[in-house]
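Undergrad: Residue strings, one per chain:
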Amino acid sequence: MKVIVPVKRVPDTAGEKNIDPNDKTVDRDGIESVLCPINEFSIEEAVRLKESHGAEVKVLLMGPESAQPILRKALSYGLDAAVQITDDALAGSDAIGTARAIAKALEGEEFDLVIFGNQATDARTCVVPAAVAEILGLPSLTYARHLEVDGDKVVVHREHEEGYDVVESTLPAIVSVVEAINEPRYPSFKGIMAAKSKPLDVKSAADLGVDTSQVGQANARAVLTEFEQRPPKEAGTIVEDDGSGSTAAQLADWMQSKKFV
Amino acid sequence: MGELLVLIDHAEGQPRKLSLQMLAAANQVAGQTGDTVSAVWLGEGGAGAAEVLGRHGATKLYSWNSSDAFGYVTLPQVEALQQVIDTSGAQVLFFASTNLVKDVAARLAIRVEAGVITDATGVEVVDGKLQATKEVFGGELITRCTFADGVKQFVGISNNAFVAEETGGGAAELVEIDVTLSETATKAKVTSVEKQVTADRPDIAEAAIVVSGGRGLGSEDGFKLMEELADVLGAGVGASRAATDAGWYPHRYQIGQTGRTVSPMLYIGSGISGAIQHRAGMQTSQNIIAINKDGEAPIFQIADFGIVGDLYTVVPKLIEELKARKG
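Those protein sequence lines, which keep their order, are chains A and B.
In terms of our numbering, the first sequence opens at residue 1 and continues consecutively.
In terms of our numbering, the second sequence opens at residue 1 and continues consecutively.
Isolated chain B, as found in the complex (with noise of 0.2 Å):
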């Protein structure tokens, strides 16, 4: 029996949901293989999370308790993460598939002989071996991936691919590690950390609904309507290439084939026509929602719900209706 590390994403001594859907997978894959499943905290607050990742699965905690996990570039936790793949023994490490965290994946990998794979939907463990299931030429091919004998399994995990689960274990066992870093790995330094979230609006790549906008608001008042929306379903707010070239909202919620992906249970297109370059960035969302005033739109033919009309005049109501179904 061997241990599958799940590397915790966490932000303010909390564990992102990403990382309770990673546990889930987790926990599917030791449910075929008979492994147990171990968390992995680098950064402060890991021993205030030890209960929440036991409830999730996880029956160890390798925390490393340092604010130096994150004072320099990717390689402190690379190196308290080989650590632990060192003296565990564990094979499967399972990642957040996001900007940051791929990075410390990537170089992990050289380090322990390690093949990688991101953005993966689905896990299972067929004839022995894992496999992970992954979307590629944004979404239109599903690929299935597994690894190449006698290497160490890197699995990056999707948001919202898992649903996080309770198991009913107890707190997990908090197993302190102290790292103690090389020269190389304080090179690069970071010298300061930005927030530019709006503390109560999820994230486009976590949120479960993403209310999107694009050139058919004409201007940059459009993104309040579509923020207004987004509140009322507790949803986060993207945008077309075309908004955010336009500077009506900021690049970073740019959600396409040079953007981001995402693959809400929601997404809703207002004045997107879904140019190909725009649905290689959000097509694999579960529904989709589209209202714009041209009815040839091509968002049309991917809409489970759509309404050609003004948006300036659909939304509103929208919102109207919304709020009064909430009581």
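Just chain A, same shape as in the assembly (with noise of 0.2 Å):
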């Protein structure tokens, strides 16, 4: 079986994030730039169907050229080869537009499933695996807390705000994982080092036959129009219990006095 996991570089949670006034996109000079973290659920799901299953697994990545060593990192975890989409034209695509540009480079690769992160931390949209799902007239099974290929079928458990649904379909079929699904290893030394020397292969929108009309951010039908850093928060009132809780009964008037009790 042969299973794509596309993955996405993001700014550092820890680390100071900026967005050029300019061209409204990320600015990534200077800030630390790392695999999301919710990919590395992803890869470990993948890692186990290659280990269950034997499947070959690729990673894929939409970003400029200095992203490749999330490429680099993907792999190290155990991945065959990687493919980056990489070009000009798609600098600043919205959601949508990624969608389109992933589902372009998913057209030209084989695959039985796709497992995306289901949430990247920067924007948190959520969209792509859908939007990719549907372009390619594929069942789109995301928010999955467990996974299970059997066959030509695919059963998730699709995690939501009060359980989770049991969903099937036959394959292939695109996904997205939710952290719950697994405890993800970290990278072996020699993972790291036969990541040096795995394959990456590069291609253009003009390779993948993407139509530059739909993607980037001159054609983005969501448009960040502001931005501001959130306000910093006062200092807020710090009581030290003296071991006996008696702190307690002032916290309770501080919530009284604001009308949650």
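Please note that the accuracy of each hint is not assured.
Computed cross-link-like contacts, SDA-like style, restricted to lysine to any residue with a CA-CA straight-line distance of at most 20 Å [unchecked claim]:
1. 195/B / 147/A
2. 259/A / 208/B
3. 24/A / 140/B
4. 233/A / 300/B
5. 189/B / 203/A
6. 17/A / 60/B
7. 60/B / 225/B
8. 317/B / 240/A
9. 203/A / 17/A
10. 233/A / 323/B
11. 189/B / 170/A
12. 326/B / 225/B
13. 323/B / 253/A
14. 187/B / 67/B
15. 17/B / 34/B
16. 73/A / 147/A
In case anyone wonders, no lab produced these hints; they're calculated from the structure.
Mind assembling these two chains? They're in different frames, but the hints should get you there.
TA: Have a look at this one:
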């Protein structure tokens, strides 16, 4: 079986983030970028399918050349090969434009299953996996907290606010996973060394046949117009408890003053 | 004059709180544009909600009374909505920014050429264009987004960002619709639905108050204390990743960078140090209370009220105090 894991480069949660005031895209100069933490779970799930079903796994990333270390990082977990979509025409794409480019890249690949993370930690829009499935005319079994492949069938437990739905579909299919699905392992030293020499296929929008009037910032359907840093919080009331729990009454007073009681 | 559509999210025949909040968001926009607000109910029980939806500002209610709406994955809802959009000519759709509904919006956006903005915490019309406020990077940046000209506009509304309001309208006019599903729509089946939420405790995404526990609880038992506090306040219970990874509380209640985002009126964190990964999931809460032994814990930097102390001493006393004040 063949599996593709799309991944994303995101700003490190712990680092500084800025949006370039001129082009309104994430300013990546001088900020720490990482493999999206949710992708550790989608990669782990793919590695498990390698182990249990002998799956061949490719990782796919859309982003500039400078994002290649993210692909190498993904490969170090034991994935087989990488595909990068990189083109200036794609810069600043919104979620729908991103989905169009990823769908085109997938059309050029063979796969039974595509495993996304359910969200990226930057904008947390969550719409790319289902939009890709729609473009490709495939089922979207997203928010998986459990995933089983049996022959040409996939069963997923889709997590939602009240519990989960058990859903099933034939392959090929698009899934996304939530972090409850597994415990990601760390890459081994051997994996890190091997990742350096694994095949990386770099493709442009033209290579993939992406219609450039559908992607990129100029063609985004949802447009960022303004942004501001969240104003810093004013210091609150901090009290030290003397071990008797007497501060609980002060807290209850405060809660009452704010009408929470 | 056009119609603004609001896709009603519902459970057991009742619209969820968020649906009434979405109607408030739509009313606000309609007040600026002169459009009318129409609700869309997919699944059984829509007719019974015509009155409450009307009271909250919906003049029309499109209802597809079918168990197929949720019998297959996503596509039946997409196809039904597509039909409503095609017949009504509506350009704007408000939807619940929740896991499963975001998929409906995503797939529909491809079909009807729409832009999608999720997790909006504000909406307004500026220079004739619909604009939404959205927080990104775990609430560190506040952005305003709008749509390209000529595309349909889908706006996902966050829980608790709007206040539900009755507008004095009568029951919404019921428009029954019938949908013939495509073959593709029935390919992925829902074989069972597992409810895991305790009936009398709200989900953390919807709750006005969230009580959350972390590593400092020390054991699974600590969550019994968290639940006791939550129940005094009518709150939902969440957990940090350290606590869910330790197996003390189910993963689906994990708040943070890789888990869920909450933005309640009040967040109470006990035994949570407030690592950046956790803060990314809760720092947009309107009020934050922190109880932690470690006075250096970063959560105190964002707390409106913090207690440096042993949660096992403070929280039981707090429960007593709250019970006494409630009478």
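Undergrad: Confirm or reject each hint.
TA: Each hint, compared with the structure:
1. 195/B / 147/A: holds (18 Å)
2. 259/A / 208/B: Status holds; Cα separation ~12 Å.
3. 24/A / 140/B: holds (15 Å)
4. 233/A / 300/B: holds (11 Å)
5. 189/B / 203/A: violated (35 Å)
6. 17/A / 60/B: violated (44 Å)
7. 60/B / 225/B: This hinted pair is violated, its Cα atoms lying about 46 Å apart.
8. 317/B / 240/A: holds (15 Å)
9. 203/A / 17/A: violated (28 Å)
10. 233/A / 323/B: This hinted pair is violated, its Cα atoms lying about 30 Å apart.
11. 189/B / 170/A: With Cα atoms ~10 Å apart, residue 189/B and residue 170/A stay inside 20 Å; holds.
12. 326/B / 225/B: Satisfied, since the Cα-Cα distance of roughly 19 Å is no more than 20 Å.
13. 323/B / 253/A: Given pair residue 323/B, residue 253/A holds - Cα atoms ~13 Å apart, limit 20 Å.
14. 187/B / 67/B: holds (16 Å)
15. 17/B / 34/B: The hint is violated at about 25 Å.
16. 73/A / 147/A: violated (24 Å)
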